[in-house]
Every structure is written in structure tokens, then in C-alpha cells.
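Asker: Single-letter residue listing:
Number of protein chains: 2
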Amino acid sequence: MSKKLTSRAEDYSKWYNELVIKADLAENSAVRGCMVIKPYGYAIWEKMQAELDKMFKETGHQNAYFPLFVPKSLFEAEEKNAEGFAKECAIVTHYRLQNDPDKPGKLRVDPEAKLEEELIVRPTSEAIIWNTFKGWVQSYRDLPLLINQWANVVRWEMRTRLFLRTAEFLWQEGHTAHETKKEAVTEAELMNNVYANFVQNFMAIPVIQGLKTESERFAGADETYCIEALMQDGKALQAGTSHFLGQNFAKAFDVKFANKEGKQDHVWATSWGVSTRLMGALIMTHSDDHGLVLPPSLAPNQVVIVPIYRSEEDLEAITEVANAIIKDLRGSHITVKFDNRTTYRPGAKFAQHELQGVPLRIAIGARDIANGTVEIARRDTLSKEVVGLDGLNDKVKALIEEIQDSLYNKALKFRDDHITEVDTFDAFKTVLETKTGFISAHWDGTNETEEQIKTLTKATIRCIPLNGKLEAGICVFSGKPSKRRVLFAKAY
Amino acid sequence: MSKKLTSRAEDYSKWYNELVIKADLAENSAVRGCMVIKPYGYAIWEKMQAELDKMFKETGHQNAYFPLFVPKSLFEAEEKNAEGFAKECAIVTHYRLQNDPDKPGKLRVDPEAKLEEELIVRPTSEAIIWNTFKGWVQSYRDLPLLINQWANVVRWEMRTRLFLRTAEFLWQEGHTAHETKKEAVTEAELMNNVYANFVQNFMAIPVIQGLKTESERFAGADETYCIEALMQDGKALQAGTSHFLGQNFAKAFDVKFANKEGKQDHVWATSWGVSTRLMGALIMTHSDDHGLVLPPSLAPNQVVIVPIYRSEEDLEAITEVANAIIKDLRGSHITVKFDNRTTYRPGAKFAQHELQGVPLRIAIGARDIANGTVEIARRDTLSKEVVGLDGLNDKVKALIEEIQDSLYNKALKFRDDHITEVDTFDAFKTVLETKTGFISAHWDGTNETEEQIKTLTKATIRCIPLNGKLEAGICVFSGKPSKRRVLFAKAY
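Protein sequences appear in the order of chains A and B. The first sequence: position 289 = 289 (this note's numbering), numbered continuously. The second sequence: position 278 = 278 (this note's numbering), numbered continuously.
Check before you lean on any hint, since a few could be wrong.
Pairs count within a copy or across copies, as identical chains cannot be separated in the list.
As the list claims (entries may be wrong) - Using 25 Å as the maximum straight-line C-alpha spacing, the simulated DMTMM-like pairs for lysine to aspartate or glutamate come out as follows:
# : residue 1 : residue 2
1 : Lys-182   : Glu-216
2 : Lys-384   : Glu-433
3 : Lys-106   : Glu-46
4 : Lys-397   : Asp-423
5 : Lys-260   : Glu-312
6 : Lys-337   : Glu-51
7 : Lys-337   : Glu-58
The hints are simulated quantities; they were obtained by calculation from the structure and are not laboratory data. All values reported here derive from a predicted model rather than from experimental measurement.
Only chain A is shown next, with the shape it has when bound in the complex (with noise of 0.2 Å):
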């Protein structure tokens, strides 16, 4: 906790990278590219679990689990997915381990131990699950399957950063059968509304929920829908992506049904899945240069009581009311914690709450016990009050809110305010590399044009917005005619 982060302005980067760090949430491991998720981190993400469930279920879904391995004929049977994998899977040869005749003491690889088919660690479980839907889908009567899986998967990538790209990662993947086309469009879509109500009134970050283009679908999707974000740096991050999967699944698989005209027929799909990426977004949306900042949602505890005293008399005194205090915050629901630390001095512990981004710190001294006050900071906007006694658990409740909302309507301002629309490639480019954010462009629908702007400015087409109106135009690289707009950012 001693030294000052690095400022945002000054590297916005090695910011992210020092906070992850000194905020306790992750660190990286002995394993290339892999992280070890530390308590904090990880209690941030068990809240997120927590809540995605519950919605996951009040939508219908169930959980399963499925095989951490692929054979590698069922991986290669979808030729898109496995095409789109197939250079950052993780291979599994060999079953056991021997004393190293030459080293003694150590191991080695035992060559007589090789599987006869290599296994796939799964950087994504569709051919796995799809292949045990074939078992489980005869008629109609089966449909739909709508199942959710929380789970690790690994994908071997080169450059990784903490929780925003790493070899392995957390995340759920949901994966349903539908009877008809339409009903998996519409599943794939609920789930694109379910992942925006989540990311926007949890975790109080903005998105826009669109479409990607072809060129930046999941490999095997028809159709990807996504919400993408907008960090501070004006880097945009895509958060959650549900696929319409067609029936190229189930024909590779051969997953068919009985329909209720007793014909056989192949079933409609699809998938969709948030991780530990979405710590990262939690992080860039929200965070200050004095440390994290956490919306109330998400905290593992919301309220922090520190205790400021000389006496073991004071200490008694000052103990008695924070536990008044306590019970009336926990009778409404609100997470608090009473650092009583007798190892760290308070400004230590305001230095470690402020860095972990606990929304409010409630500090009690001598003089707040002779007064019946207590003082309290908001961590968002790192304003002290003091304040009475009586009416403090209302008064808390409704900064609880405040800030929750405040955060969600301060990101909310900065992501419309760095959405801008141009009209030409000059002004493009001025954008990108001044004001930053989302641009939004006519684009002539073709991967030639996406390809070509991405390789001279770095910028992708993040999505094609949903709610996005009609609006005939010339493509701003291209010249050519557009029907719409469609935000570029440079991404993570």
C-alpha cells in the first residue's frame, strides 16, 4: 500500500496494471499468461456470479457442467469454430508422469504414456456440449434445452494483462436448442438484453448493444450480438456476446428432432458468455487515481467502520456504537465491515479502503461519541460529512443509492459525450487520435473497407447499433453508399 498509484493521465496503462496489483484483486502466476484471482478480486466476481445466476434462472436456464477436454475429432467437427480455435488451444498428450532416470528426484513425461487422441483444453464448449445435446434431444417434447455452465476455459494467448486477456480465464457459457429459427433469434437476443440490464444496473457501466459484423462474429455464429463499452481512456471493450448459431452445430454434430408433424429436423442454437473481462471493464469504467472505485453492487462490503482512538476506554465506547450501527446497516441489507485492526493504524486503513474502493467509510472518534456523530466519506467522490446518529442507517441506505446511480450517470455522460459522428476519413482519424471514444460512420458493408481502416488507424467496427435508425449515407472511406452508421473504437 505505500507507494502512489501512477496517475491516469500519466499512463493510463500502467495505471490499470499497478491497481489490479495494490487493490489486492489479482496478480499474475508461475504460468504464462495464467492469473491467480485474489480474495478481493474473487469476492467481486462471486457477487457477479451471484446476480448473473439469479437471472440466468429467472430466464429459464439450468446449470450443467461439461468436460474441461475436447477430443480432438469432436473439436475439429464444427470447421469455423475449430478454425477460429484452433491456434490458441492448449493440448493435453499424455497421461502420466515418471522418475527422470537422468535427474534423480525429478520428473519427466512418460513416453509410453500417450493418448492415442490428443485432448483440446476447451477455449469455448460448444463441440463438447453439442455432442451430448445429440443424446438428450429426440422430439419437440425435448426442446428447448436452455443450459449455462460456469466454468474455466483456455485460450493460449500471446499478449495477456490481468483479467482483460489472460490464458485462462472464468466465465459462464449458456448454450440452448431451440425448435425454430425465430425462437433461438429471440433467445439470443433476450440474453443480449439480460447481459445490458446486468453490465448497465450492476455494475453501473453504460453499453450499447449491437451487432458485430462478419468479420468480428464468434467463429460458427450466424449472428453475434454484443453490449461494448467505453473505458476512460476511450478504448472500447466489449463486454458480453450472445451468438444465433443457426443449425451449424447441430448439423455438425447431427443433432435433429422429431417435430410435431413427426418430421426430422435439425435444431436451432445458440451461446453466449461473460468472464473475468468483465473485472477489467468494473475497473476502467469507474476507477480514480487514488484507486479502485466500486458501484454498491458489487462491494463486497459497501460501508467500512474505522475506529479512531487513544484509550482502550475510547475503543470500548466507540465499539458499542458501531455495533448499533452495524445491526441497523445488515437489517437493511447493506454489507459492512467494523475494521478493528489493532495491527494498522487508521490513516493505513483509509489508504487500504480508499484503494479497494469501498463505497462509504464511516469513522468514529472520541469527540463523535461525546457529540452522538460519526463522519462519513464517499469514496466516489471523496467528500466528507458529519453527521447524527439519529438517522444514520436512512441516511446511508440513500447514499447508497446516490452513488450507485451517480456513477452509472457520470460514465453514462462521458461514453455520449465521446460519441462522435463524422463525415469523412480526416475527421475520422482526428478523432481517433485526439478526442478518442466511439466514432460513428457510414460504412459500405464490406470486410475489404473494415479490413482496410482497421490496418490504417487500428480502429474496428465495434458494432452495429440495435437501436440504430435507417439514415442513407456514403461510406466514409469508401465513398460508397451506406444505409447506416456503425461505431468504430480502437478496442481492448
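Since chain A is already given, all that's left is putting chain B on it; use the hints.
Answerer: Frame of chain A; chain B shown alone:
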């Protein structure tokens, strides 16, 4: 749902396998030895997880997440641990696939993408976690570390059975670090008690708490505490273990701390875990020839309501009554499902809920509506009674408590009836082959005797009971002196 289960008397092992499949708990996958946990089975596992997680947090533990992979050099650092798991490790050797030049559309492992150091898929996480703890501990102020992880692990077992022994399984693994030996031993004992409480009070399975003999200890532990349960076929099942690891891992990974006197010392460690194997214990303790029997604490639905109707009007009237019952029951925190599927007849629904072990079934027909009654059927006793709507809520609450207690008491009686004291090896063998169960016998304390008994009878020492009294005697096998009886059994 069609065919009847094989009876337990006919073939216990076959009964188990059929039950797991027919009750929709799990199934084998395309990956050798790896299972798919189906939604109904996973819902039971989630109930276990939720309760255990609460108990862990109430005893001061925090969750975190560590990498799936362990670099070989870390894996082999604690030699005994490495030796214990070396023969059952899945090993990642490559990180990329490429198009197979000989087989269009197929992939092969890219020989250029060989890892410099092989990665072991964690069979248990001591190595990777202790390598991480090294960076977390400097002084006594950083201790204790009380960490838990929910994760998947892989042990390449040759003979697998759903839930009982699978190549991949789900578990939690606690890993703690302490200042003193005494504190670490106390932690290992605490978790042994937590597991016993959970399994007895929540799963309704009586257990014996004990210590493992040296030969049955966890690889790398100085002492292993266990809870041992008895299945209906007279075989024991180890349901959870907690290990006092001494300073073995601290020394292997050089984890030292400055104590209160400023001197450097290695920390003391524990680890402890339970897994999806508990699902096997659950099934084999309570279930019967009709299918699964669930203690209400673990039932995804404690009550199911089945309407029996001929006309739409009947169904409407029944639905109205059912909704009122559901509202009351949910108000009492009882989980209840209204099975109003139109695609199945009442008989098929009854059969399914019986097979899946729903503790209470409420059937409502048109005559019940006229009489103000319902029919309640208990899954555990298969008894039925007609009950008035007045006081139904209290009746259901009482039945749920009664079923939970009754299942425990029934299992306890069976277990206690199957602990047999023997004083000769002939009696030992006879009991083992006829009555089965636990055999309480004197043992001379040597590995040799233990090994010989195992070779001759397949019985192992399940534990040295913690509450066992000291009692001088002579070893049932060697005739040498013994200080106490230990428990032998054949085991899963």
C-alpha cells in the same frame, strides 16, 4: 423413465449406475472417464456448494482462484506429493493446432508449438498455491492465510464410475498457512468438524471422524483427518479429508515469515477438500429400488404438486388451490414446483418424481377440490395420506423436518448395526464376507500388517476413530500388542 431399475439385492453396482442415469444426475461423456453433470444432478451439487461455502465463510475463510496448470518444476518440488500424483496426471505439452497437410479439414498438433516446460493439469493445487503464498507472507501480521478454492481437478484414473471416481471432478480445496503447529492442527480439526457437521446435518449421512494411517495419508501430509461413511452395501466411503501438512510445503516452496520476535520461521500448513464424490455417498446412503431418495435439505424441489384433471375447468380450480399452497410454502422457505406439464400424464409424473427423489408429492384432483383436501405422498416411506387444506403448510413443514431426521436415523441405525468388534482374524474374514460393514479390531500399528490384511481381504484401515478409547489388546492379524481398536472395511 420406462424400464424399472435393477434392484439393489440383484446387483448393487448396476443399481447405482442405472440410478445415476435414470434420475438424470450425470452421464458419461465422449472424454474417457469424464462425466457430464446434468442439470438435476448439478442442482443438488449447487445446494451442497452453497451450504459448504457459507460454513467456510463463517469460519473465516475466503475464496480465491489459482491456475488450472502447474509447471512441472513446481509440481515436483514437494517430492512426496509429486510422487503420489505423478502416475495420474494429464499433461499439456503443446499450445497450438494446425491444418493437417495430409487430411484436408482435419487438424493436428503443431509440432513447432511445443512448450518449453510441460504443464500439469492440477490433480490438487498445493504446489501452485504454495508457490503463490510465498509472495503473500512476510510477517506474522500476514497470517493466518485462510483460503478456499472451488475448482475442477483432473486425476487420470484407469477405472472410473460416475461421481465416485472420475478423471475430472469438481471440488473445493482449502489451503491455509499458520504461525504455529498448534494453530495448523486446530485448523485441520476444525475443518474435519465442519465436514462432519455438513455431511451429518445437511446430507443426513452419519460419519465417523478419524485419522488415517500413514499408508492412507494424503501424499505430503503429516496427518490426515477424515470422515468415513457407510454405504448400504456395507462398503465404506471416505467423504472428506483435511490434512495437517506440517512445514513440508513451506520448506519445499521456501515460505517463511518474521515471527513476533523478528525471527524467520517456516509457516505451518493445512489443506482440506470434498468433491462431487459426495453425490455418490448421497445416492448410496438413502436411495432405494424405486430410485433416488433425497434429504429435504438437498432437494432442488422439496415438494412437487401434480394436478389430476380431466377438464379444463378442473385444471383451473386445481391451479387456483395449488397457487395458494405454493404461496404459503414459499413463504415458509420451502421449495415447491407445480408440475402442470401438459405433455405428460400424472402417472408418468409420479414415476419421474419418485425416481428423482422429490421428498413430498402433493396430488390434487377434482374430488380433492370438492372436499378441501389433498393427497400427500412421502418419498422416503412411500406412504400416502389425505390431508385437509387447513394446516397444510404446517403439516408440510413438519414432514420435511421429519423426513430429514428419519433419513439420518435410519442411516445411523444401519451404520451402527454394521460396526462389528472382532478379536480373531477368522471372525474378521467372516464378518467381512457375510455381514460386511466396519470391523473394529486391534492392529499392531505397522504398515506390514495393514498391507498384508489388505492383500488377503481387500479391507483397509478406514480410520483410527478420534473418539475411540484406549484399550489394550492384541493385533487381530499378528498377535502383537495393540493400544486401541481401528476400523477396517472394504471401501469405495
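Asker: So which hints don't hold here, by number, going up?
Answerer: 2, 3, 4
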